[in-house]
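Q: Please model the complete structure; the sequences and the hints are all you need to start from.
Each chain, letter by letter, is given below.
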Amino acid sequence: MEADLLALTEWWSPLLILAMGVATYATRAGGLVLIKRMRLSPFVETWLGQIPGAVFIALVAPMVLRAGPPGWIAAALTLAAARLWGNFLAAMAVGTVAIALLRALWPAA
Amino acid sequence: MREPIVFTRAGLLRGFLAALPLSVSCVAFALVYGLIAGQNGVSVIETGLLSLIVFAGASQFLAVELWDQPLPVATLVGAVLVLNLRHLLMAPTLRRWLTAIPAGRAYASVAVMTDETWGLSLADLEKGGRDAAFLAGAGLCLYVFWFAGSILGRLFGGLVPDPERFGLDFLGTAFFIALLSGFWKGRGDILPWLAAGGTALAAQALIPGTWYIVIGALSGSLLGAWLKGRRHGG
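So the protein sequences, as listed, match chains A and B.
For the first sequence, this note's numbering gives the first residue as 2, with consecutive numbering after it.
For the second sequence, this note's numbering gives the first residue as 1058, with consecutive numbering after it.
Because the hints were derived from the structure by calculation, they are not lab data.
Be careful, since some hints might not be right.
With a straight-line cut-off of 25 Å between C-alpha atoms, the simulated DMTMM-like cross-links for lysine to aspartate or glutamate are [what the hints assert, rightly or not]:
hint, chain 1, residue 1, chain 2, residue 2
1, B, 1242, A, 11
2, B, 1242, B, 1226
3, A, 37, B, 1060
4, A, 37, B, 1183
5, B, 1184, B, 1060
6, B, 1242, B, 1173
7, B, 1285, A, 11
8, B, 1242, B, 1172
9, A, 37, B, 1172
A: As structure tokens, then:
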């Protein structure tokens, strides 16, 4: 149970969150500034579109690798479910149930 | 002449109501986010502050996934910034609304803009919607539900006894895989994604900390942009 609702990882972690908020807001408001000031070069526009997929791959590849064989299978099933149904939550449910079952069948991992 | 663009309380309410159907999945995600935050040692107040101040789903999942001791400050801020660069492309598509209202209202409206409410607003604008408050109304709706769900997930998540047995530790991975599938645009993504994954794995093995995400993301996205430019540029 949580003993202290007001606990912090570091005393300055709210400042870190504020910095993350400023970074996020800069991207939201940045588009407004761009409307008025300049045009993005086609390369930059293409590049921005490529970023999210690349971020998620870079994040997920080590997570999947670390999860071992049950994780690899569960990851593939999650991806298949997401492609098939186009529904996030359903895909996540498939992945979670799959890894729980696979771990039960594969106790060494 | 087109009807003038307005910013009214009725528009705010209409946006709020239009986003209500999204609140269900919003709360569901927020619960998962709160749960993962708890698993990674993010405190209740930090979990809530992230939802109130950052208010960006994917970024917050990323942040709580990277949350560690000592806190990787540069990586957290850098990753959130890079991940949200896509927002730069969203406001310009709503320019007909955003340039017609006072600047203060426009800058306040985009503070609560998300992928989902941007999509709703763009649809409304293209159907002939003339009330720019729609964007802020839809955003506020999800803001409230996102925050409430985050806190509930964080408080409730700690009560699940053995999260690994139920596969709950895999939720974060599953979330990013499901999210990833939506960004798949076709075979042209194979090479950039292999590059992103390969450099991320290599960087993780060679460089301490979480730089592998930035390195993988930059190499993959730059390669993707270059390949695409070559294909279209002729």
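Q: Which numbered hints are broken by the structure, listed smallest first?
A: Structure breaks hints 1, 2 and 7.
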